[in-house]
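Undergrad: Chains as they are written, first to last, in this note's numbering: chain A, 12 to 404; chain D, 12 to 404.
Rather than coming from a laboratory, the hints here were simulated on the basis of the structure. Computed from a predicted model, the values in this text were never measured in an experiment. Errors might be hidden in some of the hints.
Unchecked claim - Using 30 Å as the maximum straight-line C-alpha spacing, the simulated DSS-like pairs for lysine-lysine come out as follows: (1) K16/D / K157/A; (2) K78/D / K40/A; (3) K78/A / K97/D; (4) K46/A / K318/A; (5) K314/A / K78/D; (6) K404/A / K362/A; (7) K217/A / K139/A; (8) K404/A / K139/A.
As the list claims (entries may be wrong) - Stretches of chain D that chain A covers, calculated by requiring three or more beta carbons in the stretch to come under 8 Å of a beta carbon on chain A: (9) 78–85; (10) 110–120; (11) 140–148.
Note that CB positions come from ideal geometry on N, CA and C, so glycine has one too.
2 protein chains.
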Amino acid sequence: MTIAKKIKLSISQSSMIRKMFDEGIILKKKYGADKVYDFSLGNPNAEQPEEFKRELINLAAENIPLKHGYTPNAGYPETRQAIAQKINKTTGLKMDADHVIMSCGAGGALNVILKALLDPNDEVIVLKPFFVEYPFYIGNFDGIVKYAATKTDFSLDIEVIAEAISNNTKAIIINSPNNPTGKVYGEKEIAELSRMLLEKGRVLGKTIYLISDEPYAEIVFDGVTVPSVLKAYPNSIIAYSYSKTLSLPGERIGYIAVNPQIHEVGDLISALILCTRILGFVHAPALMQRIVARLQDVAVDVKVYQKKRDMLCDGLTKAGYQFEKPQGAFYLFVQSPIPDDVTFVQMLLKKNILVVPGSGFGGPGYFRIAYCVDDATIINSMDGFAEAIKECK
Amino acid sequence: MTIAKKIKLSISQSSMIRKMFDEGIILKKKYGADKVYDFSLGNPNAEQPEEFKRELINLAAENIPLKHGYTPNAGYPETRQAIAQKINKTTGLKMDADHVIMSCGAGGALNVILKALLDPNDEVIVLKPFFVEYPFYIGNFDGIVKYAATKTDFSLDIEVIAEAISNNTKAIIINSPNNPTGKVYGEKEIAELSRMLLEKGRVLGKTIYLISDEPYAEIVFDGVTVPSVLKAYPNSIIAYSYSKTLSLPGERIGYIAVNPQIHEVGDLISALILCTRILGFVHAPALMQRIVARLQDVAVDVKVYQKKRDMLCDGLTKAGYQFEKPQGAFYLFVQSPIPDDVTFVQMLLKKNILVVPGSGFGGPGYFRIAYCVDDATIINSMDGFAEAIKECK
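One chain only, chain A, in its complex shape (with noise of 0.2 Å):
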């Protein structure tokens, strides 16, 4: 009768990721952090581009009436004109800076998406594997999560997606590329999506929402390039951040971008800005807002991630691993030797190496690699990686 009942559940749930996190700490205060090979999160090593870093500057010592002051709730109109005209630029939309709002974020955005549309028992499907935190963002405000698995090759399985909508779907949310798997889902599977949404919404006499979560919609490879979810789909909204475009994820700044041809368009925006607000973000941070309106066109360097892939790739081919390679994000989610994903991850660990289990994410069987480190991390852990997998025979 003290703290919540839901959370208390959750604090239990998590605790499995929470203890692995904990054996990483001891074992490099053991070993030493340069004989500990963390591969379990998602803070991207990439350098901030040089733009970044002088803006930055610029900005400190800039003199702005109310510099520090708080911005509108949707965010400094100036900010989300800049984005606006960039998507513009690259879709051959019409969106204005109305259809920006700032966020913390996209894990930000997405809280407050989902505030905006969720009625308690909606229901919201969610793509196996999927990124950790998604059902306990639904579940945030009384969702309901609907699992529908991806292909052996984790792209969209229309058929598993359309089997999973019913009359209380309100939305979807994907990933691309995808946390944990990398995976960039194709101008055909997207349009395939569409189509299969929009035919689902007919029938049902009901808007099904496409929420698209691109973090990394800027960490692509091979020249892949990430499809436009609002050109494809009207009833489609981003949720953005430049966590890994400009490497600072640790700053919270992101954004949302409503599809102007989206159902309600007006009550939506409205909504977003109100549940911004009521969530207590009240706006993304003032500073970098500023500081990403001056940056639309700069991200980091992708071929330093590309480079860690392929040396990551080919290691793992060479001791034995099976995986899709990945065309974005920085994750590879490989094929566990052995079925049980948790007991093999305890064998790395023992080889010093870090990683989460597949079953974390909906993906028993596999691991995820999350290979945003120094190479030398890499380098050094793949003796690791050929023992444990040897062990397995």
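Position chain D relative to chain A; hints supplied.
TA: Relative to chain A, chain D alone:
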């Protein structure tokens, strides 16, 4: 069947304040910003302390590994340690870093605290007049707001609060210095509240949490200090913000401080950290966490606000207005010369004076002046205030 019903209702209800805000924009366009006396927003206009400006410039240029990376969900240990030490120094308590969780301002802190505590239909006591966001924050987690009036001088009415407590009471929120009244609760009042809460808790066999919302703790005049609720009551939690202390509400930085003696302290801290994460805050902005760690003994020049208070109080007294002279924050809660405060606020609007009706704060018959504005705004508004009250006679 599109956006959430509860949110749709909230949008329609909040449209009156929105309308005021829009009217202000129209007035400023029509007459020029210097001819409109905008006392509607608590956007602090004091300069940031020099120490803050210097640290921001220093930090912008510093080379720190993962400078803008994710921090722990609770925040940097060094920052939390610095805050715990500051609290210990002023209270004699024995807090450590674990009892402090960094937050996105006090708004973020309150949402995290309420999510951690509230089961559906738990009651939270709110004192009238109140900060307009409390009912939203409590409603976010399906809590029920129970209002309790303060005395005519806005001090605590312990008997009225005691009557509002039921078997469903989970917490009470107090806010001192107060928005909208500027009232500071004295040591004796806090001690009486504490005694009553302990006694009620004993009789009902439950914990009643005291949530103290303290963004104005440093904005006090006439040598007054804000008594420590942590010293007075074991089951106390502080929601703090640097928004006013360092004049940076736009940067969204504050903290939650948990009484080391609080009921089930370990579980509560875990719950607060989890809720920070799953509500999408993830953690407080990294750069600001580093800065406030270095500025624990720094605050804006409070004399600036005290001078404005005195100018405003003198002018309004001469014009015939009645009010309690406040000892903190930067608000004055003035009796409307006519019972209908909304009508009187409209009369002031005709003099190009923007204030907020007390009805919005659960204090009808009053209006709120936020005097964190240029001295010129105060001086030049005085004729309008004098004319408006004359028209009521």
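Undergrad: Does each hint fit the structure? Answer for all of them.
TA: Verification of the hints:
1. K16/D / K157/A: OK: K16/D and K157/A at ~21 Å, within 30 Å.
2. K78/D / K40/A: With a Cα-Cα distance of about 22 Å, the restraint between K78/D and K40/A holds, given a limit of 30 Å.
3. K78/A / K97/D: Roughly 27 Å between the alpha carbons, so the hint for K78/A and K97/D holds.
4. K46/A / K318/A: 22 Å, holds
5. K314/A / K78/D: 21 Å, holds
6. K404/A / K362/A: Holds, at about 17 Å.
7. K217/A / K139/A: 25 Å, holds
8. K404/A / K139/A: Holds - the C-alpha atoms of K139/A and K404/A are around 28 Å apart, at most 30 Å.
9. 78–85: holds (count 5)
10. 110–120: With 5 residues close enough to chain A, the hint holds.
11. 140–148: Our answer is that it holds, as 3 residues pass the Cβ test (under 8 Å) against chain A, meeting three.
Violated hints for the displayed structure: none, as all numbered hints are satisfied.
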